[in-house]
Amino acid sequence: MEKLLVLTHVDEYGVALTRASLEAVAAGVEFAGALGAALAIGIVGAATDAAAQQVAGAGSRVLCVAGEAFAQARYASDAAACEALCRAAEATIVFAPSGSRFSRVVPGVAYRLGGFADTHITALTMGETLEATRWFYRQRVEAVVRRERRPWFLLLEAGTREPYTASAAAVQTETVAVTLPALRTNVQGLRAPKQDEQTIRPGAKVLFVAGAGWTKKQADGQIHAAEAETLILGFLRAADASLGSSKSLVDQSGENQAVLKFMTHLNQIGQTGATPRHAKGLSTCCHGEEPHVVGWRFINERRAISMDPNCGWARGKADVVYVADAFKVIAKVNALLAEKK
Amino acid sequence: MTSRFHIVVCASIVPDPLQTLEPAAGAGAPTLKNEMMLPAVLDPWAAAALYEAADLAAKHPGSKVFLVSLGPKAKLQQVMMTVAQKVPFELVAIDGPLGGFTDAHSTAAALAAAIAAIPGLERERLLLFGGWESASRGAGVTMQVVGERLGIVDQFQGVDQITVNEDGGFEVLERVEGGRHQVSVCAGAPAVLGWATGNLPEPRNSPQVGMANMRGIMPALQKAKNTKLDANGLSYVSVSLPRQQRETRLVRDMPEDEIAREIVAWIAE
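Those sequence lines, one after another, are chains C and R. For what it's worth, the working numbering labels the leading residue of the first sequence as 1, then goes sequentially. For what it's worth, the working numbering labels the leading residue of the second sequence as 1001, then goes sequentially.
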């Protein structure tokens, strides 16, 4: 019989489980039933009592690793915690959320336990056995995989299912002891990039992607980087949108070309950047070639503004392409959005 | 600064991002159609790791950079002709299969064995660099497992910056959710750093660097051991290209006011 463990962790405020953790719990409840597996939920955090209440009614053992050392998202302590939880649960299948904290440690934990990890899982199904869907070649090839060998660790992508909702049932927790190695790393905290305001908003409905065209010479033969900055930031504020960028635009900052000061590599979308999940995406001044578009795999509705009617977006990659000057269009969009507010 | 490092960069080779990819059936695992014919490049995130390694080595005299790469010899040779002109390094080549459908744990085992066998490698000075994911498998598994196999438990992923302190310790910036960085301070090597893009542009080609590198690259390729990668129980139920061709509405000659109204209405939907 399979034994399924869901690894979860407390959020950066130290109180509740992350949303991605609760999504993994929901997957655990569903597939423990389908597999006929015993379910356990493991929680890692400085304090886990409040978080444990969030998995009430899951019908599982609740195993906790708690202590000040686990307040930090640090490889050595997190790997030791996850290893201890897996051993305590005698897990043969492990689900974990694909956030930065567990993506850092789960492959190493799998190795310690003689197991194997598959990551970026976007869907789980029951065929003859458990099957997992993931992308290869930066979202260009989709595959469904199985593993015969155990333990099998699956890192589940966030945003692919509804989070678990707790019932009012009482939760019995079990504390799992962890032997920590010498800790040589100390987490100092979180730092936002040097920019005037937050431009990356994972929860935003709209992704606004700026391409290198914003810093190229315009019809008057001049570069209008300052105006571009004003327009883009204006749109982000008015539409509460998240900002993405093509690689070519963020690379310009290292090549002494005209730059948008708030743009960093963290904004990069595509082949060497992020693949965010938003309901809508608006591309501006970007060619829409394949290396850009692989980052749009999880953007449902796509529109683009481009001066080039033959750009990549027009070849079946966007729903609508406006052949127009993005400077003029975004100025008018911003004015309309300001009126509505 | 007195610190010197032995920086080992793990880097795979991947199809040029502009190529059209089509999966095909292979012996055991899937493959890409005409995979050996596709132009290849050094994996972009691993390339960022290599440039950061070279920059760090240049700032810390006495440091060495090793590039460990697994792939078919012919492909490695082709890619190294270009990469060799970028920064100084010593190649450790492993002759093995190409592609994203191989198992990350087997790849890690092959890399770790090759690293452990590097003559003169000083483990207490070891910084193990690589991309945090590849552009082929994209798993984000290999570096952690190589680190574990080498007994390294100070690991960082999604790294954009390393700043070495006077005492040999260093500060690392790792990408976390919400467009932020987690700031950590590590007491020093050994450590694993899986790089995101870093902060350095691609170096210009240098024929002098290329000539110096090539003196070591050809012997390294000749010495490359052939390695088979175990599937570790991984099997593929299906492999397919996404069929997401959209019916694009191309809007020409629409006044900007009207476009703006349409976009605002669409955002509000």
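Since the hints were derived computationally from the structure, they do not count as laboratory data. Don't take every hint at face value.
The calculated label-pair distances, taken between Cβ atoms and stated as ranges, are [said to hold, decoys possible]: (1) R:1202 with C:300: 29 to 35 Å; (2) R:1253 with C:261: 31 to 37 Å; (3) C:261 with R:1249: 50 to 56 Å; (4) C:112 with R:1118: 21 to 27 Å; (5) R:1268 with C:112: 46 to 52 Å; (6) R:1250 with C:50: 51 to 57 Å.
Computed from a predicted structure; not experimentally measured. We put the CB at the ideal spot given by N, CA and C, even for glycine.
Verification of the supplied hints:
no., hint, result
1, R:1202 with C:300: 29 to 35 Å, "holds (34 Å)"
2, R:1253 with C:261: 31 to 37 Å, "holds (35 Å)"
3, C:261 with R:1249: 50 to 56 Å, "violated (34 Å)"
4, C:112 with R:1118: 21 to 27 Å, "holds (24 Å)"
5, R:1268 with C:112: 46 to 52 Å, "holds (51 Å)"
6, R:1250 with C:50: 51 to 57 Å, "holds (53 Å)"
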